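> Residue-level listing of the chains:
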Amino acid sequence: MTDMAETRSNRATRTGGPVAADVAPEEDLAAHGLGASLTPEDAPAKVTGTFPYAADLWAEGLLWAAVHRAPHPRARIVSIDTEQAEAMPGVLAVVTHRDIPGEESFGRKVADQPVFAREEVRYHGEPIAAVAADHPDTARLAAAAVVVEYEVLDALTDPQESFESEPLHPDGNVVRHIPLRYGDPSVSGEVMVEGMYRIGRQDPAPVGAESALAVPRPDGGVEIYTASTDPHTDRDLAAACFGLPPEQVKIVVTGVPGSLGDREDVALQVPLGLLAMRTGCPVKIAVTREESFLGHPHRHPTLLRYRHHADAEGKLLKVEAQILMDAGAYADTSSDALAAAVSFAAGPYVVPHAVVDGWMVRTNNPPAGHLRGEGAMQVCAAHEAQMDRLAAELGIDPAELRKRNVLATGDLLPTGQTVTCPAPVEELLDAVREAPLPPLPKEGPQNQWLLPGGPGGAGEPAAVRRGVGYALGMVHMLGAEGADEVSTATVKVSGPTATVLCAAADSGQGFTTLARQIVQETLGIDEVHVAPVDTDQPSAGPAMRGRHTWVSGGAVERAAKMVRTQLLQPLAAKFGMSTELLSIADGKITSYDGVLSTTVVEALEDKELWATAQCRPHPTEPLDETGQGDAFVGLAFAAMRAVVDVDIELGTVRVVEVAVAQDVGRVLNPRQLRARIEAGVTQGVGAALSEHLRVAGGMVRHPDLRTYALPTALDAPEVRIVKLVEERDVVAPFGAKAASGVPVVVAPAAVASAVRAATGRPANRLPIRPQAAAVGPQ
Amino acid sequence: MLPTTLDEAVSALTAVPAAVPVAGGTDLMADVNAGQLRPAALVGLGRVGGIRGWEYQDGHAVLGAGLTHARMCRPDFAALIPGLAAAARVAGPPQVRNAGTLGGNVVTGAPTGDALPVLAALEAALSIAGPGGAHREVPVSHLLAGVEMLQPGELVGHVRVPLLHAPQTFLKATGRTGPGRALASVAVVLDPVRRGVRCAVGAVAPMPLRPLEAERWIASLIDWEGGRGLPEGALTAFGEYVAMACIPDPPAEEAGGEPPVLPPAALHLRRTVATLSRRGLGRALA
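These protein sequence lines map, in sequence, to chains A and B. Quick note: the first sequence uses the numbering used here, first residue 1, plus one each step. Quick note: the second sequence uses the numbering used here, first residue 1, plus one each step.
Heads up, some of the hints might be wrong.
To be verified - Stretch by stretch, here's where chain A covers chain B in the computed footprint (C-beta under 8 angstroms, at least three residues):
# : segment
1 : 31-44
2 : 86-95
3 : 166-177
4 : 262-276
If you are wondering where the hints come from, they were derived from the structure by calculation, not from laboratory data. Please read these numbers as outputs of a predicted model, since none were measured by experiment. The beta-carbon is built from N, C-alpha and C at its ideal position, and this holds for glycine as well.
Please take these sequences and the hints and turn them into a complete structure.
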């Protein structure tokens with residue numbers, strides 16, 4: 001088995017290698033097991049449109065829900081009158097904060113967010129009431145008919161004013177402050193560069209807007225069908241709001257139509273559950289795109305001020321940074337984002353001294369929360385801009401300057417944590433530096449090249465400048481600062497098929513495919529199914545930061561190995577050898593010497609084998625009052641080289657190519673990995689150039705996809721994977737590292753660096769607006 | 001209601017005054033879906049005959065209001081009115097181009113409507129059908145400026161555009177490489193017979209702007225007899241002339257004080273208009 005696994009992974013390496021990167025001969029790889037490009041089981045249904053998402057569900061006697069949302073970013077609620085709405089024909093129930101039987105507030109770290117605004121509205125679009133009616137339009141009209149009298153207050157929208165302003169929330173305005181002190185804070189270098197950076201408000205803008213179906217249970221509880229990515233936490237929080245024991249609330253995870261962060265959360269589940277229990281009927285909600293923009297959490301807008309100290313050779317001496325992040329009105333998991341931002345403020349470089357202050361503050365802006373690479377993405381854009389500045393100041397090649405400072409295994413992070421996992425940063429940087437540059441386009445009508453501004457656009461070849469930029473970045477995997485990262489999985493074998501039961505939501509990261517590959521690899525059984533996820537199964541935790549590849553994948557592997565032992569033990573005993581000497585492949589069991597040869601089905605003798613196992617990585621500790629501590633389980637790194645074309649008169653930018661070298665530990669599914677990297681880079685390009693949810697005075701302007709500019713197929717660059725470094729992380733199951741987060745973190749910094757190279761403008765604000773990329777007299 | 005002739009559509013609108021006509025629905029239905037508009041009734045124009053093609057009339061093309069952007073992209077149309085074809089090519093993603101119509105673009109009158117600056121530069125006229133077989137012609141700029149409005153029961157049936165047999169360009173700047181709304185757009189039309197240059201700037205104001213002085217000035221410099229050449233530097237000067245006309249400096253304050261300065265975003269917009277006008281005219285004369 002080991003031999004086979006190695007052969008596969010070697011071949012997988014080659015597909016990602018510099019030579020064959022664009023050829024990707026995936027077809028000749030093994031059809032199953034780890035290292036194979038297995039296709040997701042539900043792919044045909046999703047492609048043909050028959051896959052049932054929550055928005056497609058139906059139940060007998062279905063009612064429709066709609067939410068009344070606040071039209072002001074900040075206001076005192078004088079009165080809420082639901083009489084008119086209740087009197088409308090077809091309306092069965094209206095609920096407000098008065099109707100919540102249990103806890104009125106929820107929140108993962110701190111329970112500070114009310115389900116329905118009670119006395120005060122703190123952001124534009126905050127839910128105030130919910131309505132259930134027999135038709136979606138009736139529900140919407142009734143929601144609009146709820147009369148709320150407001151006393152409008154001045155909204156606090158500038159995070160810099162948050163410190164001085166009167167508290168927006170009983171818990172105060174500063175959610176968290178981390179003053180990181182590392183080394184000697186009084187040191188100063190021969191060369192200093194300073195910069196101010198501003199990162200915009202990216203929206204996850206999932207393909208499918210939020211939707212859910214709640215069905216009341218005869219025991220007084222409720223079942224909620226929705227695309228939750230953290231079903232057990234959601235269930236516990238929702239049950240507390242319902243005033244029910246957790247056993248009476250069940251969350252069934254339907255397919256997730258796109259997830260880059262949190263999806264349907266408690267704020268949607270609780271109103272829906274209340275309506276279902278109140279009416280005794282199933283209630284469904286499918287929010288509009290506008291509501292989706294208003295309701296779900298965004299990326300933290302961040303203001304950063306940096307000062308890098310270095311010696312004349314470009315060796316970094318000290319990094320000083322002030323990081324101010326805007327959490328919106330409620331804390332949620334924002335303190336985690338701040339911890340990542342502060343810890344990675346210096347990037348994947350060796351820095352002997354660091355003084356970093358990070359603040360997470362409340363404002364009346366839209367809520368911010370978990371979105372891939374939160375915290376790390378914002379600081380990466382800033383520290384990479386600082387490296388470019390430092391290189392310009394010293395007259396050193398920017399890539400060379402980075403090479404002189406790269407982090408390696410055994411070095412210390414500014415949090416005092418030793419990097420024990422593989423950190424092949426230099427190898428990654430060399431790989432993107434050595435990769436050939438994309439060809440320069442030829443002029444002439446025969447060879448029309450895609451100019452910035454698109455086909456038929458205003459681009460003029462004479463005004464186009466090409467720029468090449470580099471960026472290095474890192475993210476942490478799994479929850480940090482003492483979070484109990486645990487997952488439980490069960491593997492069942494019955495006849496020729498195996499089934500995996502694990503409450504890990506497949507948010508598109510491909511966990512179900514991976515679970516099938518793990519069982520195929522361990523048990524030699526081809527036909528593996530993954531059971532749907534609900535909260536009756538033991539918890540597997542949230543789908544974020546590559547957790548499921550690590551902990552849930554690890555739990556599945558352990559359970560499968562236990563089943564393997566149960567299966568082989570009787571045979572081994574019979575032949576007087578240990579189970580290690582037996583191997584399973586293609587449904588056949590053979591011994592090392594070939595004496596024994598039977599099939600799995602025969603060995604089972606009509607029995608069913610079950611095993612349940614847990615995976616719990618080594619514990620971490622919270623950052624202390626000077627930002628020190630072993631807070632992270634594992635780190636993942638990437639290097640990117642972006643090539644952009646800029647029309648320097650119009651300031652339009654097109655990303656031609658992004659070359660990626662990534663530290664992946666081990667390739668488990670080459671095709672899936674490639675898709676994750678391409679998706680991450682594209683999301684990063686959006687953050688760098690166009691994605692920013694505009695807010696004026698706390699009011700969300702244009703919450704629609706006409707104005708919120710996601711990258712289209714023409715904006716998405718050619719993603720060239722030049723190297724996948726497979727240096728196995730010994731503490732991670734299979735040695736694999738999470739792959740989705742780090743491309744999102746590094747791509748915006750690489751694009752900004754390339755725009756800087758092309759235009760000479762500072763590009764210190766993301767997304768880069770056209771006026772910041774235009775050159776010449778203004 | 002799905003009328004099959006323009007007259008039927010007009011009588012349907014007259015019979016139900018609250019009804020809203022819908023052609024491609026690319027603008028209207030977005031507002032309906034967003035809950036901003038709740039029309040009591042819709043009159044679908046998809047089956048109305050005679051407004052999806054065009055015909056010729058004494059030196060003009062009479063374009064049906066139901067012409068889709070996709071139809072206007074095709075080479076036969078591009079040979080007739082290249083400016084409109086260029087605008088249609090960049091008017092959103094293929095789905096929108098297949099459904100959205102010329103008439104819809106005019107009636108919606110969005111500042112970012114891509115056909116509008118071209119129609120303004122062409123000095124197109126709208127032929128409007130009204131109740132009882134009534135018929136009137138209105139310059140497109142009058143409707144866009146609100147000088148003349150569509151009366152209840154009236155429908156834009158056709159758009160009358162002169163055939164100039166000369167190069168026309170339409171350039172727009174957007175925030176991304178894929179289809180997007182114009183930040184600014186410029187249409188340039190040459191009229192060699194009358195030795196005129198007509199230019200209109202879209203998206204920077206509620207309606208397309210015509211820099212008439214700049215047009216006259218540049219037309220007087222073009223060598224119409226020869227290869228339509230221009231003196232050196234004239235293209236750049238034209239661009240700046242147009243931009244200054246469309247995005248003027250704020251009026252100077254009286255009695256000293258700081259001279260007013262436009263915000264950086266407005267300065268960039270001015271620069272964008274200058275660049276687009278220069279490139280647009282340059283390509284038309286090339």
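> Mind listing which of the numbered hints don't hold for this structure, in increasing order?
none
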